[in-house]
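Note that the protein sequences, when read in sequence, are chains B and P. Our numbering numbers the first residue of the first sequence as 17 and each following residue consecutively. Our numbering numbers the first residue of the second sequence as 4 and each following residue consecutively.
Rather than coming from a laboratory, the hints here were simulated on the basis of the structure. Values in this document were obtained by computation on a predicted structure and should not be read as measured data. Do not rely on the hints blindly, as some may be mistaken.
Straight-line C-alpha distance at most 30 Å; calculated BS3-like pairs for lysine-lysine [stated by the list, open to error]:
(1) P/Lys121 to B/Lys365
(2) P/Lys375 to P/Lys121
(3) B/Lys361 to P/Lys375
(4) P/Lys375 to B/Lys365
(5) P/Lys375 to P/Lys64
(6) P/Lys497 to B/Lys256
(7) B/Lys451 to B/Lys473
(8) B/Lys159 to B/Lys420
(9) P/Lys503 to P/Lys488
(10) P/Lys244 to P/Lys488
(11) B/Lys256 to P/Lys121
(12) B/Lys473 to B/Lys164
(13) P/Lys211 to P/Lys115
(14) B/Lys164 to B/Lys451
(15) B/Lys159 to P/Lys375
(16) P/Lys497 to P/Lys64
(17) B/Lys420 to B/Lys451
(18) P/Lys64 to B/Lys361
(19) B/Lys211 to B/Lys159
(20) B/Lys361 to B/Lys420
(21) B/Lys451 to B/Lys159
What follows is a list of derived Cβ distance ranges for each label pair [as the list claims (entries may be wrong)]:
(22) P/Asp481 to B/Arg108: 55 to 61 Å
(23) P/Ala21 to B/Ile421: 56 to 62 Å
(24) P/Leu374 to B/Gly49: 56 to 62 Å
Ideal Cβ positions, reconstructed from N, Cα and C, are used throughout, including at glycine.
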Amino acid sequence: MKILTRIKKNSLNPALFLVGLLLLSLLVKGQPGPQGIRYQHGYDTSVGSPFESSNSSARYALTEAIAKYHTIYFDIQEAVFSLPDLAGHGERYYPIFTPGISFLAVPFYWLGNLFGYPQIGAYFSTLIISLLDIFLIAKISQKLGGGKVASLLGGFTFLFATNALSYSLTLTQHLAGSFVILLAILSLTWDRNFKNNLIFGVLVGIGALFDIPNVLALLPALFYVLSRHIHIAEYSNRLKISIRPSLFVLALGVLPLVAVFFWYNLATTGSALSVAQFGGRVKSFQPVNIAPKASIVHGPQLLTYNPREMVQGLYILIVSNERGWFYYNPIIAVGLLGLILGYRKSQSKSFFVLLFSTILMIIVPYSMFGDPWGGWSFGARYLIPASAVACIGIGLAVSYIRPKILLPFIFIPLLALSLYINILGALTTAQIPPKQEAQYLSTHIPYTYKYNQQLIKNDTSSLAYHLLFSDYVTPQTYFYLYLGLLLVGLTGLFIYSLFEKP
Amino acid sequence: MITLNLPKPSLSRYIVPALTFILSVISAVFYVHYLHNGLALSYNDARSHLDIGRRVVEGLKPGLAQLGSVWLPLNHILMIPTIWNDFMWHSGLAGAIQSMISFVATGLLIYKYLARLKVGILGRLIGVSVFVANVNILYMQSTAMTELLLLATMTAGCYFLLLWHQDDNLINLVQAAFWIMLSTLIRYDGWFLLFIAAILVFIQVLRKHSFKQAEGETFFFVTLGALGIVLWLLWNAAIFKDPLYFVFGPFAAHTQQEQLAQAGNLPTLHNIDYSTTIYLYALLYNSYTLPAIFALAGVAIFLFDERLDSSSRISTLSLLTPFVFNIIALYLGFSVLFIQGLSGETWFNVRYGIMLMPSIGIFIGYLFHRLKDFRWMIAGLLIFVIFFGLANQDAVTVDDARVGSSQKNVSEVAGYLASHAQDQPGYILISVASHDAIIFSSGLPMSRFIHEGTGAYWIAATTAPDRWARWIVMRTYDNTDLTWKFVSKAPGFKNYHLVKHYPFADVYELNNDLIPDLHFIPLINP
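Chain P extracted, bound-state conformation (with noise of 0.2 Å):
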C-alpha cells in the first residue's frame, strides 16, 4: 500500500477571488484571441453597436438623442466612458469590456445561487464550468453584443430574488427590483423577466401573508423594476413623438418582421409547435446538447425535491423565463431565428439560444449536488463533450455572425472609402439604417459621415447632396435604403457618377468640376 499523508487544502475562502482571477484571465485571452483572429467584429450588429455609441460622443450631430430607438440603450450608455476613444471604438472594446464583465459576474452568479441552494463547492464549479467552457458563451463575450450584459443583470436579478424568497429581506427585493430595471433596458426579454418576477413577488407574499401585503410589495416591487420601462416610453415619446415608436417605428424589430413575413420567411409567426421547436434546436446547439438534457433533468429534481424550501422553488422558475419569452415572441413574430437544415440555410439569430446557459449551469450543478451515485458520470460526460467543444472551436454563434444575415462582408466598400476618402476632404452621405458596418469598417470618423441622425445636414445632404456630399453610399434602386429614396429624387443626383458597385451598396462620387462648391467644413449649428 503506497500512502500518501498531505495537509488538507482549505479552499473554500479563497474560491471567490480565485474564481474571479481565473474568469477574467479566460475572459481577457479569448476576447485577444476573438480580436486576433477577426471574429470579434463579425456580427454587423455589433458594428451598429459601436457606432450608436460613438455617434453619442462624435459625429456632426453627437449627443444622447443619437442612442435612437432601433435598441434598448443600456449597453451604449454604458460606452459612452469609452468609445471616444479610437482604439476601444475599433477594437470593439469599449462594447466588448461590458461583455467580459458580464462574463466574470455571471459565473460569479452562478456559483452564488448554487451555494444559496446548498449545493457543494464541487457542483458550484461544475455549474460555473459548464456556462464557462462553451464556445458560444465565450465567442459572446468577446463581442460588442447585448447578450452577456443581459445575461448577468438577468441572473443578478434572480439571484436576488431567491434570496428575497428565501430570507424575506426587504432590501433584496430592492436590488432584484434594480438589476431586473437595468435588464429591461438592454432587451425586451428583460420585460418578460419583470412581468414574472412580479408575479413571483405576488404569490410569494400571498402565500405569507395578505392580498393587500402582496399588492403593496408588488406595486413597491414594480414602481422601482418598471422605471427602465417607463423612461424607455417617454424617451420615445420625447424623441420620436410617439411612445410605442420603438415596436412599431420604421426599424423596429418587429416591422422588420412584417416584411418577413410578407415574403414568407417567418415560418414561426402564429405557429407554436414551430416556434417551441425552433427555439429548442437554438438551445440545444448554443448549449451542446447533452448539458441541456442534464438541465432538464436537474429541473425535475429541482422542482419536485421536498429538501428545499417551496419557496426557493418557486423562486427558481425565473430562470426559466428565457424559454418561455423566445418561444412567444417566435410565435408573435417579433422575434426571428434561423436553424440551418431546419429553416433555411442560415444560423441567424441562433445565439439567443444561449439566454438559457446561467439556468442549464444552475440545475447542472443542482443535479450533481443531488444524484450523489451519478455525479462522477455526469462530470465524466460534461467533461468529454465540453473537451471536444472547446477543442473543435465550433460555435454556431460564430457561424451566425460570418455567413447570412448576422454579418455583412463591408470589408471592400469599406476599404474604397478609407482608401479614396482618407486624405481627401468632403463628406459621405449615408444611411445607418442600412450601413453602419460600412461606416464602422471604413475606419474614418464619425464625423465624415452625413446619416439620418444629423438632423438639418440630412436634410440639406438628401435635398441637395451636391452642395454637401463628395461620396454618396447607398443602394440603388433600393427604396428601403432612405439616401436612395431621398436622394434619387434629388436634382443634384444628376451630378453623380457611379464609381463602384459592390454586393452590399454602390459607391458614387461628385463630378470633379462641383467639388469646388462643396461644403467641407460643419457649418449647421446643431
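Here chain B stands alone, though its shape is the one from the complex (with noise of 0.2 Å):
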C-alpha cells in the first residue's frame, strides 16, 4: 500500500508532464510538405508558419548558423531571413536579440536534425521549458500554501489559457523567461547558502543571455537576497550592519555568463558592453550577389524606456483589445486575486510583496517601451511572465476565496474565455497588427483575436491536424475538440481541487 501511495505521489508530476507534452504537441506548428514536413530547411516565413515572427527566425537562424556553420554570423540568406530584426556591424550581420534563446536551442537543433527534423527540435527548446514553466508555478504556489492539484491548475492555467500558449510554439524569449523568473523565485524559498546563492546568481546571468529585461524582472529578487543577507541593528547612538560572505558568492554565478555575453557581443558589436539591440536594425540589403551593403537605421535618441510612453503603454498592455492582459487573459484576474488573499492571510508578507514587484518590474518598463504591442503579436507577449508570476496565485484563490460556492461562478466562465481565446491564437497566427498599422493594410485584417476566428474557419497551422485528423473533421471542430478537451480537463482539476486541503 505504501509503495502504491509512494508510486501515486511521485509519478503525478511526470504523468502530468506527459499530458502536457501530448497536448502541446497537438499544435505545433507545420505542414506537411513533398519531401516530409515543411520549414525543415527553408526559409518559408509565411503566416501560420514557425518563421511568421522574425522574432522566432532571427534567433533561428542563429542557432543553425552555430549548430549548421559553426559561427555566430549570418550568411546572406539567414541574414534576409532575419529581416528586420537584424543587426550589423561592418560585414558581419547577427540577430538583433542576445543569443541565450539561440544558444538553448543549439543541441536541440542538433537533435532534431539527427531525425531530419532541426526546426521541429529547435522549437522544443521553448516547449519543454513551458512545460517545466507548469511544475514551477506549482511548486511556488505550494509553498505558499496552495493544495497540490490547486496549484497545479495555476500552472496548467498559464500554459494553456494565457497567451504563453502562442508564444510556447516559437522561439523566442518569453517562456525561457519566464522560466528564469520562476526558478528564480523558487529559490527564494530555500536556505541562503553559498551553493543557493550561485544558482540564483547563475539564473540572473541567464536570464541576461535570454533577454536583458529579464534581469530588471529579476531585481526584485535580488534585492530580496540582498535583504537576508543585511541585517542592521540599531542602538541609541550607533548603527551595526551585519552582512554574510555567502552573498558574495552570487557575483561569481552571475560572471562567467556575463562574459558570455561581453565576449558575444565583442565578437558582433565590436564592443563588450554594446548590446546589439541598441546598434539600430540593418533595414534592407542591395541584391544577394553583391556584396551587401545594409542601411542601418538607428536607434531613436531618447533611452529605451520613457514614461511618456507610459500612458499608452499602459492601456495598451493592460487593457486594449489590441493587446490587453485581461482582455486576452481574463482569467489572470484570479490569479492577482488569490496572491492578495495569500498576501493577507499568509505570515511571510515580503514574499508576496517580492511577487507584486516582480510583476510590476516586468509591466512598468514594458509600459515605458516605445512598442508595448511587440510589433505584430498575441496578447501582450512581453507580459508572459508577468502571467506566470500571477498564476501562482490560482493555486491560493483555490484554497483561500470563501465562500467557495462563489469561486465557479467566477472561474470557470473565466477560464473558458481566456482558453478559447488563447487556443485559438495557438491554433492559427500569433501575428496580429497593432490598430495603427492595420489600419493602412490594403488588405483588410483585424487587430484583434477576431482575425483568429476568421483565419480558422479555413486552415489552422497544427501540424498533427494536417498529418492526422485533415481527413475527419475541419479545422475549426478541431479547435472546438480541442478546446473541450481542455476545458473538460482543467474544469475536473479546478473541481478536484476545491475538496483538496492545502
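Two chains, two frames, some hints: make the complex.
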C-alpha cells in the first residue's frame, strides 16, 4: 500500500508532464510538404508557419548558424531571413536579440537534425521549458499554501489559458524568461547558503542572456536576497550592519555568463558593453549577389524606456482590445486575487510583496517602452512572465476564496474565455497587427483575435491536424474539440482542487 | 559574518537646511541648463510676462497701469525690483527667480506637510523627490511662467489650512488666507481654492462649534483671502472702466476661447467627459503616470485612514482643488488644453497638468508611510520611472513651449528689427497683444516701441503713422492685429513699403524721403 502511495505520489508530475507534452504536440506548427515536413530546410515565413515572426526566425537563424556552420555570423540568406530583427557591424550580420535562446536551442537543433527535423527540434527547447514552467508555478504556489492540485491548476492555466500558449510554439524569449524568473523566485524559498546563492547568480546571468529585461524583472528577487544577507541593527547612537559573506558568491554565479555575454557582444558589435539591440537595425540589403551593403537605421536618441510612453503603454498592455493582459487572459484576474488573499493570510508577507514587485517590474518597464504592442503579436507577449507569476495565485485563490461556492461562477467562465482566445491563437497565428498598422493595410486584417476567428474557419497551423486529423474534421471542429478537451480537463482539476486540503 | 559598527547619524536636525540647499542647487543648475539650451524663454507667454514687467519700469509710458488685465498681476509686480536690469529682463531671470524660489519653497512645504501628517523622514523625502525630480517641474521652474509661483502659494495656503484644522490656532487661519490671497493674484485656480477653502473652514467650525461661529470665522477668512480679488476688480474698474474687463475684455482668455469654439477647436466646451479625459491625460503626462497612479492609491488610503483625525482628512481635500478646477474651466470654455494625438497635434497648455504635482508628492509620501510592507516596491518603481524621466530629459511642457500655439519662432522678424533698428533712430509701431514676443526677442529697449499701452503715442501713431513710426510690425490683412486694424485705414500708411514678410508678422518701413519729418524723441507728456 505504501509503495502504491509512493508511486502515486511520485508519478503524478511525470504523468502530467506527458499529458502536457501531448497536448502541446497537438498544437506544434507545421505542414506536410513534398519531402516530409515543411520548414525544416527552407526559409518560408508565411502566416501560421513557425517562421511567421522574425522574433523566432532571427533566433533560429543564429541557432542554425552555430549548429550547422559553427559561426555566430549570418550568411546572406540567414540575414534576409532575420529581417527586420537584424543587426550589423561592418560586414557581419547577427540577430538584434541577445543570444541565450539561440544557444539553448542548439542541442535541440542537433537532436532534431538527427531525425531530419531541425526546426521542430530547435523549437522543442521552448516547448520543454514551457512545460517546466507549469511545475515551477505549482511548486511555488504549494510553498505559499496552495493545495497540490490547485497549484498544478495554476501552472496549467498559465500555459494553456494565457497567450503563453501561442509563444510556447515559437523560438522566443518569453517562456524561457518566465522559467528563469520562476526558478529564481523558487530559489528564494531555499536556505541562503553558498550553493543557492551561486544558483541565483547563474539564473541572473542566464536571464540576461535570454533577454535584458529579465534582469529588471529579477531585481526584486535580487533585493530580496540582499535583504536576507544584510542585517541592520539600531542602537542608541550606533548602527550595526552585518553582511553574510555567502552574498558575494552570487557574483561568482553571474560572472561566467556575463563573460559569455561580453564575448558575444565583442564578437558582434565590436564592444563588450554594446548590445546589438542598441546599435540599430539593418533595414534592407542591396541585391544578394553583390557584397551586402546594409542601410542601418539607428535607434532614437531617447533611451529605451521613456515615462511619456507610459499612458499609452499601460492602456495597450493592460486593457486594450489590441493586446490587453486582461482582455486576452481574463483568468489572470483570479491569479491576482489569489495573490492578494495570500498576502493577507500569509505570515511571510514579504514574499508576496516580492511577487507583486516582480509583476510590476515587468509591466512598468514595458509600459515605458515605445512599442508596447510587441510588433505584430498575440496578446501582451511581453507580460508572459508576469502572467506566470500571477498564475501562482490561482492555487491560492482556490484555497483561500470564501465562500467556495462563489468560485466556480468566477473561475469557470473566465477559464473558458481565456482558453477559447488562446487556443484560437495557438492554432492559427500570433501575428496580429497593431490597430495603427491594421488601418493602413491594403487587405483588411482585424487587430484583435477576430483575425484568428477568421483564420480558423479555413485552416490551422497545427502539424498534428494536417498529419492526423484533416481527413476527419475541419480546422474549426479540431479547435472546438481541443478547447472542449482542455476545458473539461482543467475544470476537472478545478473541481478536484475545491475539495483538496491546502 | 562581516560586521560594520558605525555611529548612528542624526540627520533629522539638518534635513530642512540640507534640503533647502540641495533644492536651491538643483534649481540653479536647471535654470542655467535651460538658459543655455535656449529653452528657458521658449514659451511665448514667458516673454510676454517679462515684457509686462518691463513696461512698468521702462517705455514710452511706464507705470503700474502697464500691468494690464490679460493676466493677474502678482508675478509682474514681483518682477519690478529686478526687471529694470537688461540682463534680468533678457535672460528671463527676473521672472524665473520667482519660479525658482517657489520651487524650493514647494519642496519644503511638501516635506513639512508630510511631517504634520506624522509621515517618517523617508516618506517625506520620497514625496519631495517625486515633485522635484520631474522634468516638467524642473523646466517650468526655469522659466518666467506663473505655474511654480502658483503652486508655492497654493501649497502654502493648504499647509496652513491643515495646521489650523489640526490646532485651531487663528494665526494659522490668517496665514492660510494670506497665501491663498496671493494665489488669487496669480491665476484663477487660486480663486477656486479660496472658494473650497472657505467651505472647508465653514464645515470645520460648524463641526466643532456653532453655526454662528462658523459664519463668523468663514467671513473672517474670506475677508483676507478675497482681498486680492476685490483689488483686482477695483483695478479693472479703475483702469478699464469695467470690473469684469478681465473676463469679457477683448484680450481675456474667455474671449479667445470663444473664438476657438466658433472655429470648432474647443471640444471640451460643455462636455464633462471629454474635459475630464483631457485633464486626466495632462495630469498623467506631466506626472510620468506611475506617480499619479500611486497618488490615487494614496488618496484612497488617506481618506479612509482612521488613524488620522477627521480634521486633517477634511483639510487635505484642498489639495485636490486643481483637479476639479481645471475640469470645470475646460468644461465652461474658460480654458483650452490640447493633448497630442487626442485633440490635435500639439501639447497646447498641457502644463496645466503639473498643478497637482505637490499633491501627488504628498499623497505618495503618505502611501509610502502607510504601506510599510510595500514601501520598497513603491520606492523602487518610482526611482526606476524617475530615473528614465531625468535621463531622457523628455517633457511635455518643453514640447508645449517649442511646438504649436504656445511658441512663436519670431527670431527672423526680431532679428530683422535688431539688425536694422538697433543703430537707427525711430519708433516701431507694434501691437503687444499680438507681438510681445517680437519686442522681447529683438533686444531693443521698450522705449523704442509704440504699442496699445502707450496711450497718446498709440493714438497718434495709428492715426498718422508716417509722423511717428519708422517701422511698423503687423500681420497684413488681419484685423485681430490692432496695428493693422487701425493703420490700414490711416492715410499715412501709403507712405510705407513692405520690407520683409515673415510667418508671424510683416515689417513695413517708412519711405526714405519722409524720415526727416518723423518724431524721434518722446514729445508727448504721458
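Status of each hint after checking the structure:
1. P/Lys121 to B/Lys365: holds, 25 Å
2. P/Lys375 to P/Lys121: Roughly 14 Å separates the two Cα atoms, so the pair holds.
3. B/Lys361 to P/Lys375: Measuring from Cα to Cα gives roughly 16 Å; hence the hint holds.
4. P/Lys375 to B/Lys365: holds, 11 Å
5. P/Lys375 to P/Lys64: violated, 62 Å
6. P/Lys497 to B/Lys256: This hinted pair is violated, its Cα atoms lying about 87 Å apart.
7. B/Lys451 to B/Lys473: holds, 22 Å
8. B/Lys159 to B/Lys420: Roughly 21 Å between the alpha carbons, so the hint for B/Lys159 and B/Lys420 holds.
9. P/Lys503 to P/Lys488: holds, 19 Å
10. P/Lys244 to P/Lys488: Status holds; Cα separation ~23 Å.
11. B/Lys256 to P/Lys121: holds, 27 Å
12. B/Lys473 to B/Lys164: violated, 38 Å
13. P/Lys211 to P/Lys115: holds, 25 Å
14. B/Lys164 to B/Lys451: violated, 42 Å
15. B/Lys159 to P/Lys375: Satisfied, since the Cα-Cα distance of roughly 24 Å is no more than 30 Å.
16. P/Lys497 to P/Lys64: holds, 28 Å
17. B/Lys420 to B/Lys451: Measuring from Cα to Cα gives roughly 40 Å; hence the hint is violated.
18. P/Lys64 to B/Lys361: With a Cα-Cα distance of about 75 Å, the restraint between P/Lys64 and B/Lys361 is violated, given a limit of 30 Å.
19. B/Lys211 to B/Lys159: holds, 20 Å
20. B/Lys361 to B/Lys420: holds, 16 Å
21. B/Lys451 to B/Lys159: Violated, at about 42 Å.
22. P/Asp481 to B/Arg108: 55 to 61 Å: Once the Cβ atoms are compared, 60 Å apart, the range 55 to 61 Å for B/Arg108 and P/Asp481 holds.
23. P/Ala21 to B/Ile421: 56 to 62 Å: Cβ of P/Ala21 to Cβ of B/Ile421: about 59 Å, so the range 56 to 62 Å holds.
24. P/Leu374 to B/Gly49: 56 to 62 Å: holds, 58 Å
Of the numbered hints given earlier, the model fails hints 5, 6, 12, 14, 17, 18 and 21; all others are met.
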